[in-house]
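Trainee: Read off the chains here:
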Amino acid sequence: MSEMVTEKDVKYIAKLSKLSFGDDEISRFADELSNILKYIDKLNELDTSDVAPTSHVLDICNVTREDIPERKISREDALKNAPEEGYNHFKVPRIIE
Amino acid sequence: MNFESVIGLEVHVQLNTNTKIFCSCSTNFGDEPNTNVCPVCLGMPGVLPVLNKKVVEYTIKAGLALNCNIQEKSVFARKNYFYPDLPKNYQVSQFELPICFGGYVDIEVDGNKKRIGITRIHMEEDAGKLIHGENLGSPNSSYVDYNRTGTPLIEIVSEPDMRSSEEAKRYLENLKLIIEYTGISDCSMEKGSLRCDANISVRPMGQKEFGTKVEVKNMNSFKNVQKAIDYEIKRQISEIESGNLIIQETRLWDPEKGVTIAMRSKEESHDYRYFPDPDLVPVIISLRDIENIKLTMPDMPDVVRDKLSNVYNLPEYDVEVLSSSKPIYDFFEATATLCNNTKAISNWIQTEILRVMNEKGVGIMDVGITPSQLAELIQLIDSSVISVKIAKDVFDDVIISGKSPKQIVDEKGLTQIADLSLLEAVVKKVIENSPKEVERYKAGETKLIGFFVGQIMKETKGKANPKLVNEILGKLLN
Numbered sequence: 001m002s003e004m005v006t007e008k009d010v011k012y013i014a015k016l017s018k019l020s021f022g023d024d025e026i027s028r029f030a031d032e033l034s035n036i037l038k039y040i041d042k043l044n045e046l047d048t049s050d051v052a053p054t055s056h057v058l059d060i061c062n063v064t065r066e067d068i069p070e071r072k073i074s075r076e077d078a079l080k081n082a083p084e085e086g087y088n089h090f091k092v093p094r095i096i097e
Numbered sequence: 001m002n003f004e005s006v007i008g009l010e011v012h013v014q015l016n017t018n019t020k021i022f023c024s025c026s027t028n029f030g031d032e033p034n035t036n037v038c039p040v041c042l043g044m045p046g047v048l049p050v051l052n053k054k055v056v057e058y059t060i061k062a063g064l065a066l067n068c069n070i071q072e073k074s075v076f077a078r079k080n081y082f083y084p085d086l087p088k089n090y091q092v093s094q095f096e097l098p099i100c101f102g103g104y105v106d107i108e109v110d111g112n113k114k115r116i117g118i119t120r121i122h123m124e125e126d127a128g129k130l131i132h133g134e135n136l137g138s139p140n141s142s143y144v145d146y147n148r149t150g151t152p153l154i155e156i157v158s159e160p161d162m163r164s165s166e167e168a169k170r171y172l173e174n175l176k177l178i179i180e181y182t183g184i185s186d187c188s189m190e191k192g193s194l195r196c197d198a199n200i201s202v203r204p205m206g207q208k209e210f211g212t213k214v215e216v217k218n219m220n221s222f223k224n225v226q227k228a229i230d231y232e233i234k235r236q237i238s239e240i241e242s243g244n245l246i247i248q249e250t251r252l253w254d255p256e257k258g259v260t261i262a263m264r265s266k267e268e269s270h271d272y273r274y275f276p277d278p279d280l281v282p283v284i285i286s287l288r289d290i291e292n293i294k295l296t297m298p299d300m301p302d303v304v305r306d307k308l309s310n311v312y313n314l315p316e317y318d319v320e321v322l323s324s325s326k327p328i329y330d331f332f333e334a335t336a337t338l339c340n341n342t343k344a345i346s347n348w349i350q351t352e353i354l355r356v357m358n359e360k361g362v363g364i365m366d367v368g369i370t371p372s373q374l375a376e377l378i379q380l381i382d383s384s385v386i387s388v389k390i391a392k393d394v395f396d397d398v399i400i401s402g403k404s405p406k407q408i409v410d411e412k413g414l415t416q417i418a419d420l421s422l423l424e425a426v427v428k429k430v431i432e433n434s435p436k437e438v439e440r441y442k443a444g445e446t447k448l449i450g451f452f453v454g455q456i457m458k459e460t461k462g463k464a465n466p467k468l469v470n471e472i473l474g475k476l477l478n
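If you read the sequences in order, they're chains Y and E.
In terms of our numbering, the first sequence opens at residue 1 and continues consecutively.
In terms of our numbering, the second sequence opens at residue 1 and continues consecutively.
Since the hints were made in silico from the structure, they are not lab data.
None of the values given here were measured: they were computed from a predicted structure.
Derived lysine-lysine pairs resembling DSSO-like cross-links, with alpha carbons at most 27 Å apart:
1. Lys-15(Y) / Lys-88(E)
2. Lys-129(E) / Lys-217(E)
3. Lys-79(E) / Lys-8(Y)
These stretches of chain E come out as covered by chain Y in the derived footprint (C-beta under 8 Å, 3 or more residues):
4. 40-53
5. 75-86
6. 140-147
All C-beta atoms in this analysis are idealised placements derived from N, C-alpha and C, irrespective of residue type, glycine included.
With these hints in hand, go ahead and build the complete structure from the sequences.
Mentor: Structure representation (structure tokens):
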């Protein structure tokens, strides 16, 4: 049986995801996320003790490329997607460390 | 109470591939900002990363050089955190299934040999470069250059096996030398292609359990690694002695002030929520792949030391100097294939070449003399065409003009005078011009022989064959 998702959990996940919600949303998400976990919990009915964890569902491996440089886009194009730009850089709110 | 310190190191090594780990952007250092970027490394939606083959090969090389087990299957994982130098908001790294486990590096401190364990090596991508506002434009902003984003790194995690800053420094030096020998990175702490973080804790002597560990970052030289560790050990001991608890945290080394400072942010950032990256398929390495890479492995430092002393017959001191850097050894070896006088090669490297490297602040390949030019210069001495003294001038000339030693000797007429009658005439002249000295010499002041040799060299502009001069002088004075 999986644990319930509490309002505290929702607030924590929201903070990690840089999202903010109202109180009513937080209690609703706690319920909804708990229900989703309960539903997924059905899988625990199967005995998987002999099965290695699945990292990928497709049966392919070793997709690689050669180490040859190629220029795909210009700086101008790259900076087009910047929220703000300055001095040929992506400009962001000041980072304090 | 006596305390024991426990230290483990996490070392990041930038691989010197031509392109990034998951896209074809160039990794060239120092290019104009944001010119080596593409939708993949900028984290645009819908793009697919594709692994650079060379990164796997290089990491296997590092693993073999550090005595690791190369894993048959390894998987990339996303390490999630928000920071502007990370455009995807996750770093592609490896978590549960890294490419290498369980290696070691041997060190020696004060004559005691010790084996430092390596827990794991994994592949990951580097982040971008952040410039604080006042250094570029508005002080209220930061500026990001994503050229470095996606540059391949390997992270080498040691076991907490070190017990002093000296051991940590020695481990790092040996690790750097081994990686440098594999040729997968230039391993420059100054340029940031080798970075080191330390996990440090202290415990009362005899206690089995580890104390609470603190991670120290931002140590950008070997000296700073040692200083930072020493400082942090002292700080933790004094905290405990004052009855305080050590908090598990990340601290930054401040090289100016010589202290470590707690980082302010990131309380929650350690919840990285790793999960397998669905865009990157598993890496499967066969025994045959490993065997093929083994064939391309250059000699490691211990093999090189053995070769220098047993094949090239060099004394211990020469062995240490020549093996201390891969480029220096390569230069020596290239010269030794053209010239049998290995002791002379070693001497020239240790004196003139190292002098120029220090003066110009360059590596051996940029000194201005090639292995074939050095071999030629040594042959000119060994075949008595020029003296060692003249050879030093020719050496400087090679570096300035880039001409070959032979050409310089020919053009400047520096060939030694080995003509017996010609030299005899010069010696006679010197003797005739110095009757007083001859008298004193004959009265037993034999050290005056140096004076005569000096005069003869002056007359011949240093070109007289010293061996012949001594013979003639001996004959005419006695």
